[in-house]
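Whenever a hint applies, use it, and build me the whole structure from the sequences.
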Amino acid sequence: MPAPRKVYMISGGVTKFAKAHPDMDFRLMVKRAFDYAMKDIPELRTSDIESSRISYFSDHFARQLKAASMVQDYLGLNPKDSRRIEWGGATGGQAIQAGWETVASGRNEVCLVAGFETMSHVETWKGNEFIALASDTNFDYPVGGFYTGYYALMVQRHIYEYLRKTKFAHVKDEKKAQREATQEAKRIMAMVSVKNHVNAEHNPYSQYPEKLTMKEALGREMVAYPLNRPMICTMSDGAAVAILASEDVAFKYTDHPVLIKGVGCGTDTMRLADRPHGSVPLFPWEEAGYYSDLRYPGVHSFRAGRAAALEAYKNSGIRDPKKELDFVELHDAYASSEIQTYEDIGLCRYGEGYEFVDQGHPFLEDIDYGLDLPHRGTIPVNPSGGLIACGHPVGATGIMQGVFAFWQLQGSIRKHFGNDKLQIRGAKRGLIHSHAGTGSSVTVTIMERA
Amino acid sequence: MAQPRKFTKFRDVMKEVNTKGAALYKNPAGTEDLVILSPYAINYIHSYAEDSPFFLGLAKGKILGSECKSCHYRYATPRSHCMACGAETEWFALPKEGRVHSWTTCYYGGEEFLKETPFNLALVEFDGVDTLLLTRLKDAKEADIFIGMKVKAVFRHPPRYLISDVHFVPSEKPRKK
Chain A
1 MPAPRKVYMI
11 SGGVTKFAKA
21 HPDMDFRLMV
31 KRAFDYAMKD
41 IPELRTSDIE
51 SSRISYFSDH
61 FARQLKAASM
71 VQDYLGLNPK
81 DSRRIEWGGA
91 TGGQAIQAGW
101 ETVASGRNEV
111 CLVAGFETMS
121 HVETWKGNEF
131 IALASDTNFD
141 YPVGGFYTGY
151 YALMVQRHIY
161 EYLRKTKFAH
171 VKDEKKAQRE
181 ATQEAKRIMA
191 MVSVKNHVNA
201 EHNPYSQYPE
211 KLTMKEALGR
221 EMVAYPLNRP
231 MICTMSDGAA
241 VAILASEDVA
251 FKYTDHPVLI
261 KGVGCGTDTM
271 RLADRPHGSV
281 PLFPWEEAGY
291 YSDLRYPGVH
301 SFRAGRAAAL
311 EAYKNSGIRD
321 PKKELDFVEL
331 HDAYASSEIQ
341 TYEDIGLCRY
351 GEGYEFVDQG
361 HPFLEDIDYG
371 LDLPHRGTIP
381 VNPSGGLIAC
391 GHPVGATGIM
401 QGVFAFWQLQ
411 GSIRKHFGND
421 KLQIRGAKRG
431 LIHSHAGTGS
441 SVTVTIMERA
Chain B
451 MAQPRKFTKF
461 RDVMKEVNTK
471 GAALYKNPAG
481 TEDLVILSPY
491 AINYIHSYAE
501 DSPFFLGLAK
511 GKILGSECKS
521 CHYRYATPRS
531 HCMACGAETE
541 WFALPKEGRV
551 HSWTTCYYGG
561 EEFLKETPFN
571 LALVEFDGVD
581 TLLLTRLKDA
591 KEADIFIGMK
601 VKAVFRHPPR
611 YLISDVHFVP
621 SEKPRKK
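Protein sequence lines, in the order shown, are assigned to chains A and B.
Numbering-wise, the first sequence is residues 1 to 450 according to the numbering used here.
Numbering-wise, the second sequence is residues 451 to 627 according to the numbering used here.
In case anyone wonders, no lab produced these hints; they're calculated from the structure.
Honestly, I wouldn't trust all of these hints.
[Claimed, not checked] Cut-off 25 Å, straight-line C-alpha distance, at most; resulting in silico cross-link-like pairs (DSS-like, lysine-lysine):
| hint | chain 1 | residue 1 | chain 2 | residue 2 |
| --- | --- | --- | --- | --- |
| 1 | B | Lys-512 | A | Lys-126 |
| 2 | B | Lys-623 | A | Lys-126 |
| 3 | B | Lys-591 | A | Lys-165 |
| 4 | A | Lys-16 | B | Lys-602 |
| 5 | B | Lys-600 | A | Lys-165 |
| 6 | B | Lys-512 | B | Lys-456 |
| 7 | A | Lys-211 | A | Lys-66 |
| 8 | A | Lys-6 | A | Lys-66 |
| 9 | B | Lys-588 | B | Lys-565 |
| 10 | A | Lys-176 | B | Lys-600 |
| 11 | A | Lys-176 | B | Lys-565 |
| 12 | A | Lys-175 | B | Lys-456 |
| 13 | A | Lys-19 | B | Lys-459 |
| 14 | A | Lys-19 | B | Lys-470 |
| 15 | A | Lys-172 | A | Lys-19 |
| 16 | B | Lys-476 | A | Lys-176 |
| 17 | B | Lys-512 | B | Lys-546 |
| 18 | B | Lys-588 | A | Lys-175 |
| 19 | B | Lys-510 | B | Lys-591 |
| 20 | B | Lys-588 | A | Lys-176 |
| 21 | B | Lys-546 | B | Lys-565 |
| 22 | B | Lys-476 | B | Lys-588 |
| 23 | A | Lys-175 | B | Lys-465 |
| 24 | A | Lys-165 | A | Lys-175 |
| 25 | A | Lys-66 | A | Lys-19 |
| 26 | B | Lys-591 | B | Lys-546 |
| 27 | B | Lys-512 | A | Lys-19 |
| 28 | A | Lys-172 | B | Lys-591 |
| 29 | B | Lys-512 | B | Lys-588 |
| 30 | A | Lys-172 | B | Lys-565 |
| 31 | B | Lys-465 | A | Lys-19 |
| 32 | B | Lys-510 | A | Lys-176 |
| 33 | A | Lys-175 | B | Lys-512 |
| 34 | A | Lys-175 | B | Lys-602 |
| 35 | A | Lys-126 | B | Lys-565 |
| 36 | A | Lys-175 | B | Lys-510 |
| 37 | A | Lys-80 | A | Lys-252 |
| 38 | A | Lys-19 | B | Lys-476 |
As structure tokens, this is what we get:
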């Protein structure tokens with residue numbers, strides 16, 4: 001296969017994510033994010049954009065088929081090449097990779113990636129029903145389709161595999177051992193929730209910034225045991241855009257483009273019940289013997305995330321992500337899936353996710369979380385606040401991560417956030433991770449300062 | 451329709467729209483948005499197609515799994531072709547008793563199921579079967595359930611021809627403390 005051309009991100013824009021934006025329809029939301037991105041690189045004119053990849057997840061939320069064509073129309077991009085991208089929760093991440101492909105292939109020099117979601121069109125529990133329709137409607141949905149329920153099922157098994165069988169192996173009574181392991185996991189998931197909400201305090205685009213304490217995080221209402229409110233992302237309205245360009249033109253428009261160094265994508269069965277119980281696809285640094293007792297992925301881990309990371313690391317020459325990445329923006333739809341994802345993408349080994357948080361590795365160095373964190377700052381995860389605190393307007397989410405990563409790598413957080421509390425000094429390389437379904441579809445993209 | 455009433459909180463707008471059909475939202479920017487109720491209902495003519503025998507089986511008090519004719523991989527949630535090797539599968543009756551592989555208690559749910567909360571979801575594993583079955587676990591509270599707990603199938607009469615025609619309950623009554 002011929003080597004793909006180098007592709008750079010040259011600008012980005014995000015609308016503030018909110019519960020509802022009744023003052024803007026989806027076209028105007030995208031237009032606002034687009035205008036912001038265009039203003040950041042005044043040399044680029046709309047006529048220089050050769051194509052667009054436009055993403056939104058749900059026709060049910062939009063209640064407007066071919067909404068992507070209406071965005072194309074509103075932005076004045078007709079009659080250029082365009083298409084809609086949809087891949088569940090990973091819609092945004094997939095849109096960035098679709099934009100990367102069109103530039104990498106040589107078909108276009110400049111491609112606009114734009115995404116949105118308008119979830120406020122229905123009330124929260126109807127919205128949960130719409131989302132649950134992204135599970136098998138013969139076998140899963142009619143049982144009581146509810147995504148938080150599915151993620152609770154997955155983390156319960158994760159806790160069983162990785163805490164019950166290890167840290168709580170000494171507890172003889174089975175039920176008691178499981179309860180104690182779950183309590184411990186809940187404490188650590190609350191730490192993730194605190195991290196992401198407190199980070200978001202400094203991100204003006206976030207929907208739920210909050211100086212959350214452990215006591216508050218643990219005390220709030222249960223949604224699906226053991227996941228409670230602050231551990232779960234919510235419905236949002238919002239839009240985000242990323243502008244991608246080839247190496248030939250990127251430096252014409254900005255002195256600080258960011259290289260899309262490598263892309264990866266993975267999949268797994270739609271139904272949780274169908275997940276195989278086989279062996280772990282290993283990273284080059286993992287020894288086969290380490291996981292000899294593990295039946296993988298089962299319902300406890302995301303094989304799609306592992307496959308996406310394997311491909312992305314291979315394409316970007318990454319051998320030790322914990323050392324070679326300066327930060328990660330990952331799809332924390334749930335505090336539980338943030339921990340599961342650390343293991344999938346190799347920030348730690350399978351089974352070490354809880355300890356990884358407890359030791360402070362994914363926390364930022366200069367933020368006060370009110371927690372004792374001996375090893376903070378090893379690799380900050382979701383410095384922006386992630387989905388839990390920024391919101392999750394599905395079709396925009398993965399692109400939002402790309403924009404935040406872009407600003408981190410440009411060193412331009414102060415310019416765009418109005419403060420530099422979240423700026424990771426000297427950040428050279430970051431990873432963005434977009435995730436769909438019960439882990440049925442995942443993208444991993446590596447971005448690098450040019 | 452009467453002139454829509456004006457609100458400054460979007461939550462009040464939603465309530466008004468649901469009862470009166472329209473409302474004005476005075477947004478923080480100071481402009482006004484007209485918000486209307488827009489109903490949407492569909493009756494699908496849904497065929498279970500190749501999965502039909504499974505749902506007909508539930509009506510007869512049987513849970514039908516499928517087994518690959520070639521590699522003999524056994525599915526608790528059936529599929530007519532094997533995901534491992536692509537060969538056709540054939541039907542077999544699952545045991546009516548299994549174990550909880552994982553579980554949760556849902557205190558909220560999608561709108562359709564909100565009135566049934568709290569309810570338990572469980573993934574059930576069966577001896578000699580490679581994959582799991584998602585089901586409701588009834589007659590058990592959050593405090594009673596654990597991974598490995600033995601559970602047995604209960605069938606709905608008359609059937610509604612939905613996966614919920616089968617649910618599971620604990621095989622043994624939980625000990626009172």
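- Task: Determine which of the earlier numbered hints do not hold for this structure and return their numbers in increasing order.
- Result: 1, 2, 4, 6, 7, 8, 11, 12, 15, 16, 19, 21, 22, 23, 27, 30, 32, 33 and 36
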